[in-house]
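Given next are the chains, with one letter for each unit.
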Amino acid sequence: MNSVKLKLVGINSKLIPNIFIDDQYVKCKKNEFGSYETDFQTEKDEIKIAFSRELELKSKLWWLYAILSFIVSVFGIFNPPYDRKCISMDCSFIVKLKDVNNINIKFNSLSSSGRAVEVETETSFEEIKNEYTVDKIAKRRWIILLIARILAWIGIAILLGWLIANQIG
Amino acid sequence: MQNSHTTPLLRNDLKEFLIRLGKIFSNISILALLLCFSGILSFAATAFILLIGFVVIILSIGTIFIIVPNYFDILMSTSQVSAKISAFFLENFYIFASIAIVGAVLSLILLLLDKRNKHIARIVISSVVIAIVIIAIIVVATEVI
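Sequences listed follow chains A and B, in order. Heads up: the first sequence begins at 1 in this note's numbering, then just goes up one per residue. Heads up: the second sequence begins at 170 in this note's numbering, then just goes up one per residue.
The set of hints was computed from the structure by calculation and includes no laboratory data. This structure is a prediction, so every number in the text was calculated from the model and none was measured. Ideal placement from N, C-alpha and C gives every residue a C-beta, glycine not left out. One should not assume that every hint holds.
Stated by the list, open to error - Derived lysine to aspartate or glutamate pairs resembling DMTMM-like cross-links, with alpha carbons at most 20 Å apart:
no., chain 1, residue 1, chain 2, residue 2
1, A, Lys60, B, Asp182
2, B, Lys192, A, Glu37
3, A, Lys14, A, Glu122
4, A, Lys14, A, Glu46
5, A, Lys106, A, Glu122
6, A, Lys139, A, Glu54
7, B, Lys253, B, Asp242
8, A, Lys136, A, Glu54
9, A, Lys85, B, Asp182
10, B, Lys287, A, Glu37
11, B, Lys287, A, Asp135
12, A, Lys106, A, Glu118
13, A, Lys5, A, Glu37
14, A, Lys85, B, Glu260
15, A, Lys58, B, Glu185
16, A, Lys27, B, Asp242
17, A, Lys139, B, Asp283
18, A, Lys58, B, Asp182
19, A, Lys136, B, Asp182
20, A, Lys60, A, Glu122
21, A, Lys30, B, Asp242
Said to hold, decoys possible - Partial pick of chain A residues on the chain B-facing surface, computed with a CB cut under 8 Å:
no., residue
22, Ser59
23, Lys60
24, Tyr65
25, Glu127
26, Ile128
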């Protein structure tokens, strides 16, 4: 049985990754220093570790959530802004396991390009992908939302103007 | 593979939406709290306008009436407008207070659902809003002010 201790450093409220080991979602525990840790055992000689970042605008029902948020927040007045940068993370590694494996992952600051994480381990590993990219779908949806919000505001202004004019007239 | 962990890192779409709703309700409760106190603040503003007006009269030893013949009318009309605004906010105090409390409670519930990210600042603000509004309701209901 091989033991793996995975430590994740650099996670913050803007950067909360999903962690998958052999395509299985892994839950982590936050330690007293603010980093996340996970321990597990496996019979396998090698595992695939992958990280991804969830974007709110990538969800299937993004349009429904956006409409509901717009209405509840009184035409978007109280709505917190959506992530404008739409940066996604694409990282995966194949790690060849020994009996005991300590793997430290340091997440780099979010950027539109460049390496997403730095791996520190004595275990040998192969990097398949390790990059930050701008998610085009999320970015397009963000622009659609922005245009929709502007159009809605213009519509509301016209409606208000018409109502006021009717009241005065 | 055996996993021995408790804090989930995966966030589903609905949870994201609920957290967004929590933030929206938190924002609404903050504004409602400000509107609650607008009555008291605009009441203070009316008193302040009158005070300044009378101080100007005293300091100018009445010459302000020669410089601005309708000074008193202007002062009175300004304070009347301010008093009307104050009366509007005070009349609707309970509406704004209930919006603030409901918004803050919903915000607390929704933000506490997020196990991954602790929204400490917003949770503290919502708790403070609830406390302040409850105190204000008690003060207004018992007619201390």
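*Failing hints, ascending?*
2, 3, 4, 11, 14, 16, 17, 20, 21, 25 and 26
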